[in-house]
Amino acid sequence: MSRKILVVEDDEATSDYIAKGLEENGYLVDRASDGRDGLFHATDGDYAAVVLDRMLPAMDGLAVLAAMRAASIETPVLILSALGSTDDRVKGLKAGSDDYLVKPFAFSELLARLDALQRRGSSVREPVVTSLTCGDLTMDLLTHRAERAGRRIELQPREFRLLECLLRHRDNVVTRTMMLEEVWDYHFDPGTNVIDVHISRLRKKIDERSDVPLVHTVRGVGYMLSETA
Amino acid sequence: MNKRVSVRLPRSQTARFVLLCLLFTVLITGPSLLFVYNRTDALIHDRIVSRIDDRQRNLLFGYRTAGIQGLVGSIDNEVQTGVVEGGVILLTDASGKRMAGNVLSWPPTLREPTSWREMRLYTQGQRRPELYAVRVAHFRSGHWLLFGTNLEARERMREALAEALLAAFLMAIPAGLIAGLILHRYTDRRVRAIGEIAVRIAAGDVGVRLDTSGEGEAYNQLGGAINAMLARIEELVGGLRVVTDALAHDLRSPLMRIQVGLERAARECDDDSAREAFSSISKEIDGMMRMISATLEIGRTEAGIGRENFSDFQLGDLIKDLCEMYQPVIEESGFEIDAKQNGDLPFFGNRELIGQAVSNLIDNALKYGGCCRIEVGADASDSEFRLWVADNGPGIPENSRDDAMKKYGRLEQARTLEGSGLGLSLVRAVARLHGGDLSLENNHPGLRAVMRLPKRANALAANGNGS
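Just so you know, the sequences run in chain order V and P.
Counting in the numbering used here, the first sequence runs from 961 upward without gaps.
Counting in the numbering used here, the second sequence runs from 83 upward without gaps.
Rather than coming from a laboratory, the hints here were simulated on the basis of the structure.
Any given hint might turn out to be false.
No farther apart than 35 Å at their CA atoms in a straight line, the calculated lysine-lysine pairs in the DSBU-like style are these [to be verified]:
(1) Lys488(P) / Lys1054(V)
(2) Lys402(P) / Lys1054(V)
(3) Lys1051(V) / Lys179(P)
Short derived list, chain V residues pointing at chain P, Cβ under 10 Å [said to hold, decoys possible]:
(4) Arg1014
(5) Ala1018
(6) Met1019
(7) Ser1041
(8) Phe1065
(9) Asp1145
(10) Arg1161
Derived DEER-like restraints, expressed as beta-carbon distance ranges [unchecked claim]:
(11) Ser1032(V) / Arg271(P): 44 to 50 Å
(12) Pro336(P) / Arg1080(V): 31 to 37 Å
(13) Arg1080(V) / Asp426(P): 30 to 36 Å
A quick note: this is a predicted structure, and the numbers were derived from the prediction, not measured.
Where is the CB? At the ideal position from N, CA and C, for every residue including glycine.
Take these sequences, add in the hints, and give me the full structure.
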């Protein structure tokens, strides 16, 4: 799988910041500083994902996205926007972007989302998954049963969805906002530590009677389900 | 709000309008039909008079040339040749003895000359008396002459005319009623259209326009004026959108750079206390960002931006989801949450914003609700949807409820707690975006925050979206 990311961003400081962070995490980065140049790159190269600023000189971010989709370039696109209102977000997602991140953002959030985007892109070609596992934890998506080391774990429907979300992103960080979006389909910030309390309950059910913890807190970013800490 | 006006008045207004139309129809057709009757009658009368005049001339021609004998001759002649057919004629001497003509005897009521008299007479060979217009002349020789023409045809004509005109009049009544109803329907439709537009404008949808292509100059003028007003509002809202976008961009971009700088500095710095400081600056920036976002969101919502993202969803599901989302946090804080939603509550609106509004209310109840139970619910009456969050805390005194909903309107007793003071004003803006409002009520004890969203505005928004 290609590990090349295209960053289309006119603000140099932000662009540097993203490129540097991505390179530190093993990505190759191409950069474009305006919309036209960005579109040119996107039609040309074989990128794993595109990070696209919404407000760009020469060609607006949404126009670039529309042009890409019109030319059937299905590279996953993550839109970066300084416009944070909910209707802007929905507009961005409707225009064909795969994810939407509001400035200012933490790099870890961007990275988690980019990783998730690529997994989502590749999983489309995989056959339909009916069960998910992590270590001795298994989840049957058809019967809605979860077991740890052969012992049944009783889960509320939402806890099931939450665990499913973590399992699908196994060994990768899932941020709080990602969980809010995937499990509840809301994009606003609930303000209180809603997700943390959900996770702590889930953690209790999963890790309580086991020596190997599976649910890990990634400080300042989110949570990760993994066999190795 | 104007239930009394909108339900009771139109019905009687319709009746009044239709009755007025009927009255006008009667007032106009009645006299005009009478006029037609009179004119027609006068025309017939004139023709009869001129016919009698002609006969008089013919008869007197005989008298002038040959005296009474000549007159008798011409009368006999008329009777014999049948010229007199359909008419009457009688000549008597001074004593009243019949000398010639087709009338059997002199009518006893006729005692003096007259130019027009209507009476029933028997003529020779007729069994029943018929109506005639007669003229009587008295000669110097003492002879009396009576002649006239049959009026039966005129009578039949009159009857037919009266019948026809009455029929026309009777037909005018339903015509008037129907015309009144149609006219009323038409005006009612135009006025209703304006009213519906007004409801949608009140809900912030300024993209709607009235149809000014129909007939009715006054309505088109009114529609044009309203459309011009709407265009102006839309322009202002568009301006607001540009300003908030620019503001968001210009504020977020430097904040982004500060965050980037902070993150880099924190990474390259070994000093733990400095790192602590960086992280607290970063948190402050987050808080500031949240505040800016909320302010911009409220401004945009108040201006009706966000209607593009209306969709169909179930209010009950939304309440259930949010309660589920908050349940652990609420229980952790020592509260209980009680979700009350009954069945099918299909709603057309901005799910994200409604969700955020209810979430803000739950957050408020957690912060200020004291103890120990939070009720979150949704239901619907005939006219409105209701979404509420109620707590058993100290509540808000009635006189400061308005202040609580104002932007940055934090109540004095709440100042010590963390919060932006934007929560309730966003909730109110969201309620207004959906044509409703937020009301803060007494929960005996505690606060009950209710978003009331009228069904009418909801249906209009849904229709507006569909067309």
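Assess, step by step, whether the Cα of Lys402(P) is no farther than 35 Å from the Cα of Lys1054(V), and give holds or violated.
26 Å, holds
Minimum beta-carbon distance criterion (10 Å), Met1019(V) to chain P:
Met1019(V) check fails; min Cβ-Cβ to chain P is 16 Å, beyond 10 Å.
Closest C-beta approach of Arg1014(V) to chain P relative to 10 Å, hint status
Arg1014(V) check passes; min Cβ-Cβ to chain P is 9 Å, inside 10 Å.
Hint status (Cβ of Ser1041(V) to nearest Cβ of chain P, threshold 10 Å)
Since chain P brings a Cβ to about 8 Å from Ser1041(V), closer than 10 Å, the hint holds.
Check the hint pairing Lys1051(V) with Lys179(P) against an upper bound of 35 Å on the C-alpha distance.
The hint is violated at about 116 Å.
Is the interface hint for Ala1018(V) satisfied, with its Cβ closer than 10 Å to some Cβ of chain P?
Hint violated; Ala1018(V) Cβ to chain P Cβ min 16 Å, cut 10 Å.
Consistency of beta-carbon spacing, Arg271(P) to Ser1032(V), with hint 44 to 50 Å:
48 Å, holds
Range hint 31 to 37 Å (beta carbons of Pro336(P) and Arg1080(V)) holds or violated:
Holds, since Pro336(P) and Arg1080(V) (Cβ atoms, about 32 Å apart) stay within the stated range.
Does Lys488(P) pair with Lys1054(V) here, judged by a C-alpha cut-off of 35 Å?
Holds, at about 33 Å.
Holds or violated: the 30 to 36 Å window for the beta-carbon distance between Arg1080(V) and Asp426(P)?
With Cβ atoms ~34 Å apart, the hint holds.
Please check whether Phe1065(V) passes as an interface residue: C-beta within 10 Å of a C-beta belonging to chain P.
8 Å, holds
Agreement of hint Asp1145(V) with chain P interface, Cβ distance less than 10 Å
Result: holds, 8 Å to nearest chain P Cβ.
Of the hints listed earlier, those the structure fails to meet are numbers 3, 5, 6, in rising order.
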